[in-house]
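J.: Sequence:
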Amino acid sequence: MKFGWLYRSMIVMRRQFLRMLRLRNLLTITFLVILLYVIKTFYDINKSNSGQTDYFIPKSLKKIDWHNYTQIEYERKRQGIGEHGLPARLPESLASLEEQLYSVNGFNGALSDKIALNRSLPDIRHPGCNDRKYIESLPTVSVVVPFHNEHWSTLLRTAYSVLIRSPEFLIKEVFLVDDASTKDFLKQKLEDYLSEHLPKVKVVRLATRSGLITARLAGAARATADVLLFLDSHTEATVNWLPPLLEPIALNYRTVVCPFIDVIAYDTFEYRAQDEGARGAFDWELFYKRLPVLPQDQRNMPEPFQSPVMAGGLFAISRKFFWELGGYDTGLDIWGGEQYELSFKIWQCGGRMVDAPCSRVGHIYRKFAPFPNPGHGDFVGRNYRRVAEVWMDEYAQYLYKRRPHYLKIDTGDISQQRRLREKLQCKSFRWFMTQIAFDLTAKYPPVEPEPFAEGRIRPATHGQLCADMHRGEQGEALQLAACARAASTEQHFLLSWHKDIRSKDRNMCWDVPDSRPEQPIILYSCHLGGGNQLWRYYPATKQLKHGGNENCLDWDKTSRKVFINRCNNAESQRWDIDHVSDDVMAKWDKTALVVTGPIEDY
1 MKFGWLYRSM
11 IVMRRQFLRM
21 LRLRNLLTIT
31 FLVILLYVIK
41 TFYDINKSNS
51 GQTDYFIPKS
61 LKKIDWHNYT
71 QIEYERKRQG
81 IGEHGLPARL
91 PESLASLEEQ
101 LYSVNGFNGA
111 LSDKIALNRS
121 LPDIRHPGCN
131 DRKYIESLPT
141 VSVVVPFHNE
151 HWSTLLRTAY
161 SVLIRSPEFL
171 IKEVFLVDDA
181 STKDFLKQKL
191 EDYLSEHLPK
201 VKVVRLATRS
211 GLITARLAGA
221 ARATADVLLF
231 LDSHTEATVN
241 WLPPLLEPIA
251 LNYRTVVCPF
261 IDVIAYDTFE
271 YRAQDEGARG
281 AFDWELFYKR
291 LPVLPQDQRN
301 MPEPFQSPVM
311 AGGLFAISRK
321 FFWELGGYDT
331 GLDIWGGEQY
341 ELSFKIWQCG
351 GRMVDAPCSR
361 VGHIYRKFAP
371 FPNPGHGDFV
381 GRNYRRVAEV
391 WMDEYAQYLY
401 KRRPHYLKID
411 TGDISQQRRL
421 REKLQCKSFR
431 WFMTQIAFDL
441 TAKYPPVEPE
451 PFAEGRIRPA
461 THGQLCADMH
471 RGEQGEALQL
481 AACARAASTE
491 QHFLLSWHKD
501 IRSKDRNMCW
511 DVPDSRPEQP
521 IILYSCHLGG
531 GNQLWRYYPA
541 TKQLKHGGNE
551 NCLDWDKTSR
561 KVFINRCNNA
571 ESQRWDIDHV
581 SDDVMAKWDK
591 TALVVTGPIE
601 DY
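For reference, each letter of the sequence shown is one residue, going 1 to 602 in the numbering used here.
Take the hints with a grain of salt, since some may be wrong.
If you anchor each label on the Cβ, the simulated ranges turn out as follows [what the hints assert, rightly or not]:
no., residue 1, residue 2, range
1, 252, 80, 38 to 44 Å
2, 505, 582, 21 to 27 Å
3, 405, 303, 23 to 29 Å
4, 205, 380, 23 to 29 Å
5, 463, 84, 53 to 59 Å
6, 472, 270, 22 to 28 Å
7, 79, 400, 54 to 60 Å
8, 461, 272, 41 to 47 Å
9, 474, 224, 41 to 47 Å
In short, the hints are calculated from the structure, not lab data. All C-beta atoms, glycine included, are put in the ideal place defined by N, C-alpha and C.
Kindly generate the complete structure, drawing on both the sequences and the hints.
T.: Below, the structure written as structure tokens:
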């Protein structure tokens, strides 16, 4: 037992060692807890600063019927002025008020005030939409509605239509973004009304007039829902409009979805279809155009179909994806070009865009714009050049060829936009043109082909008279007038490769909406679709034949009116055109190019 002291010492040392281990473990655990807390705090701060959340992931892919049949039945029974989207008119006693509100709105504000804010609308969707089901788990929505001096009833009707025709739990918030309106009723009165009747709807105020683009960005910055849904301030959403917009985004957060945009008549507030689907496009002056739905998409109606370019005012996009793309280019001023900038970014930077036939939203197309010029110079031209310089690569030259003065416009600093494109590893514009907008150049070629004929169009027997547009607006009749001594833009026409007769300097074509004999020739925006605007010249007989019928251009010597008539051998149907290209005429039947799918290049 003489080593007993050593044994006891070892026992004491063991106990001390175990205490140290327990202390060490406690310290280690404490350190790990603190470290995890710091990491979480840093993540939360970073997430808060970036304004981002994880993109929406559906918890259930089960499909359900989202129709609100109670609301549908309620609307079916409604009666009153403007109900069911039927056209309405005011009595003559209100003519003065009607004219007054027309002048400040560009639409019939007086009539709008007589129509219920929650009026019923017709269901004009494709019949297949009635049976369509959508996934059970859909993302939440922040609706952003910019406005400037919008009329009271049309602004509120926009908000009401969103709320009454959407599942309540999907609409998280609606932001009406006031771009420095000056009308008194859009100040405190509006906020009081919303607080009492529409508490989900909030007003965001801009201190100075900043334009549509800045207003949208201001609303998007306040949004907290999964999806941003942009609307104009005089729109009306229809039955079950929301699920078709949200399902493609729920399945792929880099998908952007646009509704079909219907027409609310500016004079009668009638609700009607604009068409039954078309794909967004542009010409080489960056005017918005539309292309036909592709045959395979037509067969799949009413499934969503891809579209190269959005109209711009109405669309849904994942909030995460919107900010990944940098939102809108903040260098774009007021309005103009923003739909191209966002559309190009979506496609070139890893996203896709579709139109949803089962989502329909009506829009008032004003008779005229009631707002004064903002005094920012050629802000549209500057916007277009910024978009071209950042996204269009070598194709920008075709814009500049038609608008050479754009080259003199200072784009401002576009380095941030170019860095964004590089960071996101975005595809080239050539890829966009050959894979997404592959049929655009068939209707809108970058280099316009030589016309079949060009110059003045004159009766063969009366060379001192010329076809004249007399500065007419859309819908006015063509006439004959004395030929101008100097070159006149009102008398200079092209028999273009589109087989229409158009003004050399204006987007105005000869149109015959009625094929009956003696119908006048009217001026109408060129739509490149043939039909009412299709013409063919026969040099041997000097006849200008209209459309696919047996009508020819004719005129009356007494009244000098121009019209169509059954083709015959009358001298009044013989016409001279200053310059007729025999070489191009020989290719007449080979000018129709049909493109059905993506191609490598033109």
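J.: Do the Cβ positions of residue 79 and residue 400 conform to the proposed distance bound of 54 to 60 Å?
T.: 57 Å, holds
J.: Does the beta carbon distance between residue 461 and residue 272 stay inside 41 to 47 Å, or does it fall outside?
T.: 46 Å, holds
J.: Using the Cβ atoms, figure out if residue 405 sits within 23 to 29 Å of residue 303.
T.: Hint violated: Cβ distance 43 Å, outside 23 to 29 Å.
J.: Take the C-beta atom of residue 463 and the C-beta atom of residue 84, compute their distance, and say whether it sits inside 53 to 59 Å.
T.: 57 Å, holds
J.: Kindly confirm whether 23 to 29 Å is satisfied by the beta carbon distance between residue 205 and residue 380.
T.: For residue 205 and residue 380 the Cβ distance comes to about 26 Å; the hint holds.
J.: Taking 38 to 44 Å as the hint, is the beta-carbon distance of residue 252 and residue 80 inside that range?
T.: 42 Å, holds
J.: Please check whether residue 505 and residue 582 have a Cβ separation lying inside 21 to 27 Å.
T.: With Cβ atoms ~25 Å apart, the hint holds.
J.: Range first: 22 to 28 Å. Now tell me if the beta carbons of residue 472 and residue 270 are that far apart.
T.: Roughly 27 Å apart at Cβ, these two residues keep to the hinted range, so it holds.
J.: Is the hinted range of 41 to 47 Å satisfied by the C-beta distance from residue 474 to residue 224?
T.: Check passed, 44 Å falls within 41 to 47 Å.
In the structure shown, a violation is registered for the earlier hint numbered 3 alone.
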